[in-house]
Amino acid sequence: DLLSHLWTKYGTIKPADLQKNFQSMYTPWNTAEPIETVFLQLDEAIAFSIDGNDPISEAAAVRAGYDVLAHSGLFPQDCKDWRKLPLVSHTLANFHQHFTLADEDRRLTATTGSLGYANLLAATPSLAPATVSDT
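Here the sequence shown is numbered in our numbering, starting from 226 and rising by one per residue.
Hints in this document: simulated from the structure, not taken from any laboratory. Mixed in with the good hints, there may be bad ones.
What the hints assert, rightly or not - Distance windows between CB atoms, simulated:
| # | residue 1 | residue 2 | range |
| --- | --- | --- | --- |
| 1 | S314 | E269 | 17 to 27 Å |
| 2 | A257 | L326 | 14 to 24 Å |
| 3 | G277 | N319 | 23 to 33 Å |
Stated by the list, open to error - Under the rule of at most 20 Å between Cα atoms (straight-line distance), these lysine to aspartate or glutamate pairs were calculated in the DMTMM-like manner:
| # | residue 1 | residue 2 |
| --- | --- | --- |
| 4 | K245 | D276 |
| 5 | K309 | E283 |
| 6 | K305 | D330 |
| 7 | K239 | D276 |
| 8 | K245 | E269 |
All C-beta atoms in this analysis are idealised placements derived from N, C-alpha and C, irrespective of residue type, glycine included.
Generate the whole structure from the sequences, applying the supplied hints.
Structural data, given as structure tokens:
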């Protein structure tokens with residue numbers, strides 16, 4: 226059909242696309258948005274990597290998500306608690322649960338100074354590791 230033809234001809238995922246996708250997991254969290262946006266960016270990156278036949282491991286996605294949330298500066302104790310968990314517990318499901326609860330608690334006890342808006346302004350363009358050129 227037409228869509229299959231278009232995907233075959235124009236929709237090929239290239240190595241540069243896969244690298245860019247991997248880096249997208251490290252996009253800083255806009256703390257004015259729900260924490261679910263971090264989880265969604267991880268899920269979308271995993272799905273794209275599967276489509277490109279170069280799956281991102283769950284462990285790599287969890288590490289990226291952790292780096293993003295740790296960099297926000299909003300969860301120092303929760304990040305410490307996460308680091309103390311056995312590595313076998315570092316699954317996406319547990320990551321979602323742990324940091325969703327942390328964010329709910331943060332929002333319940335937050336003051337305007339602790340909401341992360343200063344961190345939002347200071348956010349770096351990317352936390353992603355350096356890339357290797359395809360050339």
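Hints, one by one, checked against the model:
| no. | hint | in the structure |
| --- | --- | --- |
| 1 | S314 / E269: 17 to 27 Å | holds, 24 Å |
| 2 | A257 / L326: 14 to 24 Å | holds, 20 Å |
| 3 | G277 / N319: 23 to 33 Å | holds, 26 Å |
| 4 | K245 / D276 | holds, 14 Å |
| 5 | K309 / E283 | holds, 19 Å |
| 6 | K305 / D330 | holds, 16 Å |
| 7 | K239 / D276 | holds, 11 Å |
| 8 | K245 / E269 | holds, 12 Å |
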